[in-house]
Amino acid sequence: MNTNEPPVLLFPLDTNFAEDSRLNLSHEFILDAVYDPDHADSLLTIIITTDSGLVFYWFDRATNTHKFWANKDIDSCGYFHIQVQDPLDSALTASFIVDIIPVNDAPVLAEIPDTSAVQDTTFYLPLDGYWYDVDNELSELIWSISAIYSNVEITDTMDSLVCVPPSGFIGWDTLFLTLSDIDGLADRDTFRVIFRDAIPPGFTIGIFQNPVASEHLDIYFFPNESIGSLDSTTINGDSVSVELLSGIDPSPFHTHYRLQGSGVHLLRITASDTSGNIGITEYNFSSSFISKMNGGIIYSPDSVVQLIITNESVLSDNYLLCLPYSDNTRIGGEYSELTLPKKANDVNELNFTFVAPNTQLRKKCKIIFHSKSEDQQTGIFEWQQQNWVYLKTYSNTENTRYWTYIDKLGKFALKPNAPEIAERLPNYFSLAQNYPNPFNSETVISFHLPELYGTSVGAVTQIIVYDILGRKVETVIDRSLVPGRYSLHWSGSRLASGIYYYTIRYGQFSETKKMVLVK
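For reference, each letter of the sequence shown is one residue, going 45 to 563 in the working numbering.
Between beta-carbon pairs, the in silico distance windows are: (1) 549 <-> 278: 51 to 57 Å; (2) 119 <-> 155: 26 to 32 Å; (3) 162 <-> 188: 24 to 30 Å.
These aren't lab readings, by the way, just hints derived from the structure by calculation. A virtual CB, placed ideally from N, CA and C, is assigned to each residue, including glycine.
Using the sequences plus the hints, can you model the full thing?
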């Protein structure tokens with residue numbers, strides 16, 4: 045009795061083809077891989093089906109060809125099943141893989157259009173979207189760039205082009221860009237950048253206050269480029285006479301201004317450069333007449349800062365100026381100079397300088413910054429010897445008002461990252477029991493001083509020690525103190541053992557406590 049044997053596969057059908065190409069297998073090749081001892085090849089039925097993967101399959105009956113392919117730039121494989129069946133329904137089923145052999149493609153640079161930039165500015169071009177490489181990451185590629193006039197480079201992150209033109213350069217520059225992979229395959233592009241004079245003229249402002257007649261100001265403004273015409277100069281809307289000081293290099297313009305009272309003053313300069321660009325420079329500063337007898341208050345032009353001058357703090361009646369600060373500020377010599385302001389948008393930019401003929405104050409005065417801060421350690425700093433020096437700072441509970449106490453005028457800033465959290469002033473006057481008590485020779489006396497009604501700067505504070513008979517034996521402190529929390533060490537080494545009383549007097553407040561000295 046004859047038994048029908050199923051077909052068998054003589055060798056595996058696993059195969060491959062190169063990326064971005066096709067694989068064509070003739071039907072005869074498939075038949076060569078199959079053997080059936082009972083039937084001729086022409087009687088066998090062969091069916092190939094796709095299982096999974098990224099390789100496509102189609103049998104072309106017209107050419108009797110099995111065709112395999114994939115989309116462009118695909119590095120993957122495909123899984124297939126082959127079924128071979130004889131006329132008696134005996135069948136062979138097997139799996140095979142068609143792999144794609146990756147091929148390195150050259151990187152592609154898209155055409156970069158010609159563009160423009162402003163004179164004396166650095167031109168940045170993000171390269172994302174202008175290159176493509178299917179086989180390599182950006183970190184594996186090599187950029188080469190050059191230009192006719194400018195200094196050019198690719199950023200360390202390799203994602204942007206940086207072009208720095210020569211100072212004052214106006215016109216076209218040509219840039220040459222090459223992108224290569226590790227195999228040396230490359231693509232190139234050339235494009236141009238025109239640097240145009242689109243910068244309106246501006247001025248650096250210098251304000252000088254007469255040290256004798258403080259209401260008289262000399263104002264200088266230095267142009268940042270050649271001026272074609274000075275169209276108008278006004279202070280508070282009124283035209284002022286301007287002269288060009290040609291004997292100074294660079295040649296500034298000069299005007300004189302006399303303060304007529306306290307308030308905010310707006311200097312406005314309109315000018316055209318030699319290319320016809322029109323620029324408007326504006327500078328706000330404020331002034332306040334301060335009385336020696338009564339003191340006074342000055343606000344910054346935007347009311348962000350106020351300085352409270354107490355009575356008898358200045359040597360004579362004079363004008364005090366508040367000048368918003370920029371990096372070009374210089375204070376020195378007989379006059380005080382300040383330059384163009386930058387509008388304060390956050391606490392990093394709240395910089396102001398207060399100047400007067402005499403910057404030393406005879407008494408403590410209070411400077412207040414009105415600004416909301418989210419930083420927990422915002423503080424007031426003073427510019428001293430080319431450094432910002434932190435000043436003891438106080439704030440309200442909402443962190444919308446910060447203040448400190450100063451004894452000289454200068455440049456002050458509200459800045460984050462202070463070395464300590466701003467202190468809350470005590471609401472009530474209090475005197476604590478000395479500690480330790482009883483004590484042997486030395487003890488600590490602590491007290492809280494609030495702001496006094498009618499003054500925000502403090503008052504003369506006295507702490508006096510009396511013996512049990514009410515006789516004064518020692519004055520611990522007798523000087524003006526600003527509001528705050530205080531602790532001081534006092535030594536009774538010169539006194540005999542016994543009961544003593546210490547009394548504090550601060551404005552309308554006074555309090556007495558008993559202490560015991562034991563030796």
